[in-house]
Amino acid sequence: MQEVTEQKKEYVPTIVAFCCNWCSYAGADLAGSSRLTYPANVKIIRVPCSCRVNPMFVLKAFQRGADGVILCGCHPGDCHYVTGNYYTRRRMSLLFSFLNYMGIEKERTRVEWVSAAEGAKFSAVMNDFAKKINELGENKRLQDLRVKEERDE
Amino acid sequence: MQRIGVFICWCGSNIAATVDVERVSEAIKSEPGVVFSANYQYMCSENGQQLLRNAIKEYHLTGVVVGSCSPRMHEATFRKAAEAEGLNPYMVEIANIREHCSWIHKDREEATEKAIILVRTAIAKVKLNAPLTAGESPVTKRALVIGGGIAGIQAALDIAEAGFEVDIVEKNPTIGGRMAQLDKTFPTLDCAACILTPKMVDCAQSDKIDILTYSEVEDVKGFVGNFKVKIRRKARFVDETKCTGCKICMDNCPSKKGLNEFNMNLNNRPAIYIPFAQAIPNVAVIDPEQCLKLKSGKCGLCQKKCGVGAIDYTMTDKIIEREYGAIVVATGFRPINIDKFNEYGYSENKDVITSLELERLMNAAGPTNGVLLRPSDNTHPKVITFIQCVGSRDLTDCGKPYCSKICCMYTAKHAMLIREKYPDTEVHVFYIDVRCPGKNYDEFYRRACEQYGVDYIKGMVGKVYNQNGKLMVQGSNLIENEQVTIPSDLVVLATAIEPEPSVRKIATLLTASIDTNNFLTEAHPKLKPVESPTAGVYLAGVCQGPKDIPETVSQASACAAKVIGLLVKDSLKTNPCVAQSDESMCNGCSQCANVCAYGAITYIDKEFRLGGGKTETRRVAYVNPAVCQGCGACTVTCPSGAMDLKGFASKQIMSEVEEICRK
Ligand SMILES: Cc1cc2nc3c(=O)[nH]c(=O)nc-3n(C[C@H](O)[C@H](O)[C@H](O)COP(=O)(O)OP(=O)(O)OC[C@H]3O[C@@H](n4cnc5c(N)ncnc54)[C@H](O)[C@@H]3O)c2cc1C
Ligand code: SF4
Ligand code: SF4
Chain R
1 MQEVTEQKKE YVPTIVAFCC NWCSYAGADL AGSSRLTYPA NVKIIRVPCS CRVNPMFVLK
61 AFQRGADGVI LCGCHPGDCH YVTGNYYTRR RMSLLFSFLN YMGIEKERTR VEWVSAAEGA
121 KFSAVMNDFA KKINELGENK RLQDLRVKEE RDE
Chain P
1 MQRIGVFICW CGSNIAATVD VERVSEAIKS EPGVVFSANY QYMCSENGQQ LLRNAIKEYH
61 LTGVVVGSCS PRMHEATFRK AAEAEGLNPY MVEIANIREH CSWIHKDREE ATEKAIILVR
121 TAIAKVKLNA PLTAGESPVT KRALVIGGGI AGIQAALDIA EAGFEVDIVE KNPTIGGRMA
181 QLDKTFPTLD CAACILTPKM VDCAQSDKID ILTYSEVEDV KGFVGNFKVK IRRKARFVDE
241 TKCTGCKICM DNCPSKKGLN EFNMNLNNRP AIYIPFAQAI PNVAVIDPEQ CLKLKSGKCG
301 LCQKKCGVGA IDYTMTDKII EREYGAIVVA TGFRPINIDK FNEYGYSENK DVITSLELER
361 LMNAAGPTNG VLLRPSDNTH PKVITFIQCV GSRDLTDCGK PYCSKICCMY TAKHAMLIRE
421 KYPDTEVHVF YIDVRCPGKN YDEFYRRACE QYGVDYIKGM VGKVYNQNGK LMVQGSNLIE
481 NEQVTIPSDL VVLATAIEPE PSVRKIATLL TASIDTNNFL TEAHPKLKPV ESPTAGVYLA
541 GVCQGPKDIP ETVSQASACA AKVIGLLVKD SLKTNPCVAQ SDESMCNGCS QCANVCAYGA
601 ITYIDKEFRL GGGKTETRRV AYVNPAVCQG CGACTVTCPS GAMDLKGFAS KQIMSEVEEI
661 CRK
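As you go down the protein sequences, you meet chains R and P in turn.
Numbering-wise (the numbering used here), the first sequence opens with residue 1 and increments by one.
Numbering-wise (the numbering used here), the second sequence opens with residue 1 and increments by one.
Don't read these hints as lab results, they were simulated from the structure.
Note that this is a predicted model, so its numbers are computed, not measured.
Please note: incorrect hints may appear among the correct ones.
Estimated spans, in silico, between C-beta atoms of each pair [as the list claims (entries may be wrong)]:
no. : chain 1 : residue 1 : chain 2 : residue 2 : range
1   : P       : K663      : R       : F98       : 40 to 50 Å
2   : R       : Y101      : P       : K663      : 22 to 32 Å
3   : P       : I479      : R       : Y101      : 50 to 60 Å
These stretches of chain P come out as covered by chain R in the derived footprint (C-beta under 8 Å, 3 or more residues) [what the hints assert, rightly or not]:
no. : region
4   : 97-105
5   : 111-121
Ideal placement from N, C-alpha and C gives every residue a C-beta, glycine not left out.
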């Protein structure tokens with residue numbers, strides 16, 4: 001028991017955050033200019049719209065050892081591209097339940113709507129998500145695949 | 001071989017205080033492909049940009065990464081600097097190490113580590129960047145306005161005023177729209193014709209405006225700046241260039257049974273007619289359903305009587321083709337059909353009328369010459385009851401879920417006008433809520449209650465029935481908490497409005513989207529309220545949502561400003577970060593076009609060489625770069641992985657993911 005908890009403490013999970021250019025990336029910028037902190041293991045990738053995120057990107061992240069993946073887009077009805085975030089919502093809920101079925105817990109994946117004015121929300125969401133991922137610890141589910149790929153390379 | 005240059009900005013102490021910039025540029029030096037790595041106090045300054053330009057020249061850089069503030073701040077700055085040195089601007093990527101790093105992390109060690117990863121991620125991406133060039137497409141300096149109501153008229157006048165040519169395509173024989181049918185208008189009670197007809201005349205007299213009445217849009221091809229439109233000019237059987245509007249034909253026509261649409265079918269008109277006295281163009285039109293000559297070959301009286309020989313029974317529809325740079329949709333509305341509302345007895349009782357019918361009955365040019373007489377027996381109604389929200393805010397399938405917005409105000413208007421003209425008339429209004437926001441609007445409504453003695457009753461009407469020639473209006477009075485029955489002579493239904501149904505066809509032709517109520521959708525509900533999601537297509541008036549004349553006119557002028565802004569350009573620069581499908585992988589499945597909100601994707605037949613001299617023709621997706629907005633929705637939908645987005649290609653994002661996850 002003792003050992004396990006100790007291990008968890010040392011481990012720093014990797015979190016990939018996809019942010020749409022118009023709302024959430026700007027929200028993250030606002031979190032920055034308002035100096036609202038969140039853990040450094042959250043790393044942001046900028047995409048034009050949350051609907052640009054292919055399920056393959058999420059799979060790739062987990063396969064490469066990410067422990068959590070979060071997508072952030074404009075609020076429903078506010079999408080810069082009118083309907084993009086609706087596609088995101090539909091696609092991702094399907095993907096996430098599929099991943100859950102494969103053993104990547106639902107809590108490791110998330111879609112959040114963060115507007116360009118919601119710097120505080122961005123930081124709160126990332127703090128909360130990082131906390132959840134910390135609790136869950138390392139994602140070992142796709143480890144076999146990782147090993148195999150390294151051998152192939 | 002890639003030659004990447006990396007520049008880490010200190011941003012004074014904004015970055016340098018938390019991120020060890022020296023360590024970052026040192027760590028990056030050993031990255032494969034990196035030939036230059038430096039850090040500088042202010043990269044965005046003159047000197048910083050010069051540092052970047054010098055390095056591009058000296059080290060023959062093929063790609064640049066700047067670790068600095070958000071790309072939303074200075075991406076354009078660094079791209080410009082690179083371009084000035086001959087490097088394609090899209091070969092520059094920004095690693096956001098300020099907003100996303102130094103400003104939010106306190107631990108220097110942690111922040112420095114993260115900055116290194118972010119810069120490495122940007123390097124991984126830039127290695128896969130391809131030079132991109134913004135395309136250019138020419139602009140046809142002419143606008144099309146579909147619908148000649150007050151919205152279309154105002155938009156056309158404003159566009160013409162700026163010196164551009166405009167065509168108004170109107171399906172009816174005259175322009176003017178619904179406003180031409182109104183009597184007086186709130187909130188100032190000036191007569192609709194007095195303020196509308198001068199604008200109609202201005203349209204006719206403008207040498208920039210071409211009015212194509214009795215015409216409809218048949219087909220639309222092309223995209224922003226370059227629309228090709230086919231217009232059907234329906235056969236009018238009267239030569240527009242000859243007819244003088246003398247009305248001799250109307251007086252002589254023996255077939256007088258046609259329903260007068262302009263008067264809401266309250267009276268009849270001849271088979272050859274001019275809709276109303278101030279019609280523009282003031283030219284007759286033959287209703288082929290009513291014309292004896294066209295139906296049976298017998299008659300031909302009007303042709304004999306016409307002094308200028310304008311009548312031509314052999315006329316047929318003509319299709320003309322024109323080119324436009326921009327299109328304004330202003331197709332307006334109609335009152336909904338209320339036959340299904342049995343409770344109000346509209347179809348059984350002649351004296352239950354809609355508000356638009358009332359407008360005609362009060363209009364000096366209407367069927368009763370402006371004397372308010374009830375339709376059943378042409379007597380003065382002594383008790384008039386109005387019912388608001390008929391079919392509005394109604395969740396049954398007879399009605400509409402939305403608020404029609406104009407009814408509270410025009411009912412107050414009607415009530416006041418009647419009380420003013422016929423002070424002995426008793427006026428009751430059943431309402432659910434009275435909604436009168438707007439400048440001088442609530443005051444207007446209060447005047448109706450307080451000065452004109454209109455009896456407002458909060459409550460719904462359950463039933464209207466005829467008892468010994470009286471219309472009994474049975475409803476609840478929620479404030480007194482009692483049931484009331486008002487014996488009335490005339491009942492006026494403030495009927496919900498809905499978009500003119502032909503808007504569906506227009507929307508399909510333009511790939512403009514419509515909502516569940518058939519209103520056209522704007523590109524952004526707050527920030528792009530007059531643009532449709534289809535570039536180059538703009539929305540004015542009630543076709544976009546219920547609104548009154550002042551709002552319609554504002555929207556129309558806003559549309560005109562957008563159109564003028566487009567037409568002054570000789571060519572359009574297009575965003576190069578657009579989708580593109582790999583034709584060799586595409587199987588023409590049509591999935592991508594289904595998700596594109598902008599109608600950017602079409603399908604073309606393309607010939608492929610199979611080897612051995614054989615060829616095969618396949619249907620493949622084609623993305624029009626002038627129309628694509630670069631969201632990427634299609635790229636994810638494509639089952640064959642053929643569709644990709646330039647500047648945000650799947651490979652690029654994958655490599656970013658890999659880099660972040662690199663342990
Ligand atoms: C009873 C009543 C009273 C009102 N009173 C007032 C008032 O007092 N004050 C006020 O501010 N507002 C009033 N309004 C609202 C006012 O009528 C509208 O705001 C205004 O008419 C909207 O103008 P529009 O140009 O958008 O639409 P419309 O007036 O409907 O014009 C649309 C035009 O487009 C044409 N068209 C439609 N489809 C096509 C097609 N496919 N191809 C070509 N042409 C097409 C139509 O024939 C029409 O000419 C009232 C409305 C009603 C119903
Ligand atoms: S990227 Fe978006 S706008 Fe462009 S073609 Fe694909 S779906 Fe349409
Ligand atoms: S979804 Fe893909 S395969 Fe299907 S038509 Fe579009 S590009 Fe071609």
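Please name the hints from earlier in the document that this structure breaks, with their numbers sorted from lowest to highest. Of the numbered hints given earlier, the structure breaks just one, which is hint 1.
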